[in-house]
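J.: Build the full structure now, drawing on both the sequences and the hints.
Chains A and B, in that order, give the protein sequences. Residue numbers for the first sequence, in the numbering used here: 14 to 369. Residue numbers for the second sequence, in the numbering used here: 14 to 369.
Simulated from the structure, these hints should not be mistaken for lab results. Check before you lean on any hint, since a few could be wrong.
As the list makes no split between identical chains, a pair holds if one copy fits it or if it spans any two.
Stated by the list, open to error - Lysine to aspartate or glutamate pairs mimicking EDC-like chemistry, simulated, CA-CA at most 20 Å apart: (1) 154 to 73; (2) 154 to 82; (3) 154 to 89; (4) 154 to 239; (5) 154 to 283; (6) 154 to 343.
2 protein chains.
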Amino acid sequence: MVSIPIALEGQRHEVIVGAGASSEAPALAAGRDRVAILADRRVAALHGPLIDGASTLEVDAGEPLKSMDGLAQVLDFCAAAGLSRGSLLVAYGGGTVGDLGGLAASLFKRGLDVLQVPTTLLAQVDASVGGKTAINLPAGKNLAGSFHQPAGVLCDTALLATLSDAEFSSGLGEVIKTSIIGGEAALGQTEELMGSLIERDPRALTAVVEACVRVKAQVVVSDPEERGPRRALNLGHTFAHAIESAAGYGAVPHGVAVGVGLGLAARAAEATCGAPSELTERTVLLLERAGLPSSLGALRGVYGLEERLTPAALRAGLAHDKKGAVGAPEFVLARGAGDVIMGQPLDEDLLAELLA
Amino acid sequence: MVSIPIALEGQRHEVIVGAGASSEAPALAAGRDRVAILADRRVAALHGPLIDGASTLEVDAGEPLKSMDGLAQVLDFCAAAGLSRGSLLVAYGGGTVGDLGGLAASLFKRGLDVLQVPTTLLAQVDASVGGKTAINLPAGKNLAGSFHQPAGVLCDTALLATLSDAEFSSGLGEVIKTSIIGGEAALGQTEELMGSLIERDPRALTAVVEACVRVKAQVVVSDPEERGPRRALNLGHTFAHAIESAAGYGAVPHGVAVGVGLGLAARAAEATCGAPSELTERTVLLLERAGLPSSLGALRGVYGLEERLTPAALRAGLAHDKKGAVGAPEFVLARGAGDVIMGQPLDEDLLAELLA
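T.: Shown next as structure tokens:
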């Protein structure tokens, strides 16, 4: 197991990565006046309780959980569990559980500590670092949330063994994104290990999750509130959010949408800022090896979403981009491995070609 | 008009106090890509729109507004108004509008700026400084919220002319509390000006609001996240929250409950930590001059709440104190003007006597 220290917003915590990392939970919860757990029902059934005797709210993971109703349910649970500001809330599940649990923790009594125990590959490499929390609004995904750094993060790679192939592949979409942002060393390692990753080799998983956490931590520490460099992490995400919006939230797994977004961003970078075609090819090959669609055409076919993922619906989805100014979606593009640029405008002709 | 600079959590903003301060709103909103206003319907009808052409959501002020449903409504309004992270949300109303607007602003797209334009005396002297936001949960008042410093605060004392006598008196409860915390100079000024305050003399109002803002700012700046000294501001509040909880939220105005809380805290301070009886007498006299009950007996009579404000219900309400550890309410007591102590335990016999 490795421990990666993260110092953010005057706080310091550790991300522990490795097979068996979740067994550290009881030690991290020791000394708290109360401990409560928000758990994915399926994860709790497969892997058992994290901490004996803690009040637990089991929920059905997924995008519908990230709603105002879901938030109300968790806040009421915190009240019923009698949590004080010195208590600990544990979020035990994938990204939706972590996002909701983190938001509830940031709000209950104006803020209590949260221990994140992400149980999907997507959440371990992405949601676990940076302290972003969110729920969806009827108007769009992740439209309400906070920045709330966790008291600790346990990325137990042994838990990934029980993920479905679809969930696992979705996580590989974020792995590929983070590797491109990280630079040649990270991208090369992911290319080298992709065969072992697909077989869920524990050592390969730990190496890649660790590398992704380090890349993300480096970017996030430089910009905790996402006002500048942190936006690099949105590589492919403006397209991905448009896809998820047009498909209906939850219809396309986030990492799958990110994968297609990476393919589109690579083509956009080639067309507008001189990115080499080799980077597009490496991206597409990695996506294919990971079992992910790399184009809208492939995505539409795989998910039977031809009627929803129309160019017009996707263009409308882009207009809702949360990070840009009103009406101006912000694209993040890679000119090379480790060379990400932000704020690139794309003209309507190119957008039409990409979204066709 | 006076301008009081407040530097908190790496941000700096000004609190502008005086008759006509709200006319500064258009200038403060200039340069934003979008501006939206959350307005108390009654205030908007009496005093007109703050900023011409801004999207406005008019709401009925009051404790029921501070709910998950109210929060959902304001967040959906922010989305419908097309706000970006660079936009401005204006909270134009009393404390409930400010608390809800501030919370929605802190959450929408993980945080946009809020301009607070408090329109009640209570909100001008209390809620306007410190960046606390909140909604109520079924389990208790202000149980979910955030710390979100405003981009600016406009305390327009001319707006106080249209408050009902009950609303105005309630605000005087917080004025008296803040004056005791501030020390002999602040307390003496409030005693000197109480006659003019009751007549809503604009100069007296501006002087007292300014003094209260300065006292509160001084305490808050030393402890933005309320981990230590800021708890001094909760003088009388543990009792007040128990009263509001037992009465049913909204049945007793907050400042009225605080007034009774000050009376109880003064008696507790006399009994346990050597506070002079003179301070209790000054407190009670100020409350009476302000038209506020200073004892539970008087409160029960005025509001006809004999059946709800029973000793047992009040004792149960104390157990829900948000600031203390599990099950241990934290009392804040004044040993003298400007000499506030925290963490004082009160034994059950004394509590029984106070709550009788």
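J.: Measure nothing new, just compare the shortest in-copy and cross-copy C-alpha distances for residue 154 and residue 239 to 20 Å and report within, between, both or neither.
T.: So residue 154 and residue 239 pass the 20 Å test inside one copy only (17 Å; across, 32 Å).
J.: Could you figure out if residue 154 and residue 73 sit no more than 20 Å apart (CA to CA) within one copy, between two copies, both or neither?
T.: For residue 154 and residue 73, only the intra-copy Cα distance (18 Å) is at most 20 Å; the inter-copy one is 28 Å.
J.: Checking an output row: residue 154 and residue 89, CA cutoff 20 Å. Within, between, both or neither?
T.: between (23 Å within a copy, 12 Å between copies)
J.: Within a copy, between copies, both or neither: which one fits residue 154 and residue 283 at a CA-CA cutoff of 20 Å?
T.: Result: close neither inside a copy nor across copies, 29 Å intra and 55 Å inter.
J.: Have a look at residue 154 and residue 82 and pick one of within, between, both or neither, based on CA distance no larger than 20 Å.
T.: Both: 15 Å inside a chain and 19 Å across chains, each within 20 Å.
J.: Cα distance capped at 20 Å. Does residue 154 pair with residue 343 within a copy, between copies, both, or neither?
T.: Result: close within a single copy only, 16 Å intra versus 40 Å inter.
Checked against the numbered hints given earlier, this structure breaks only hint 5.
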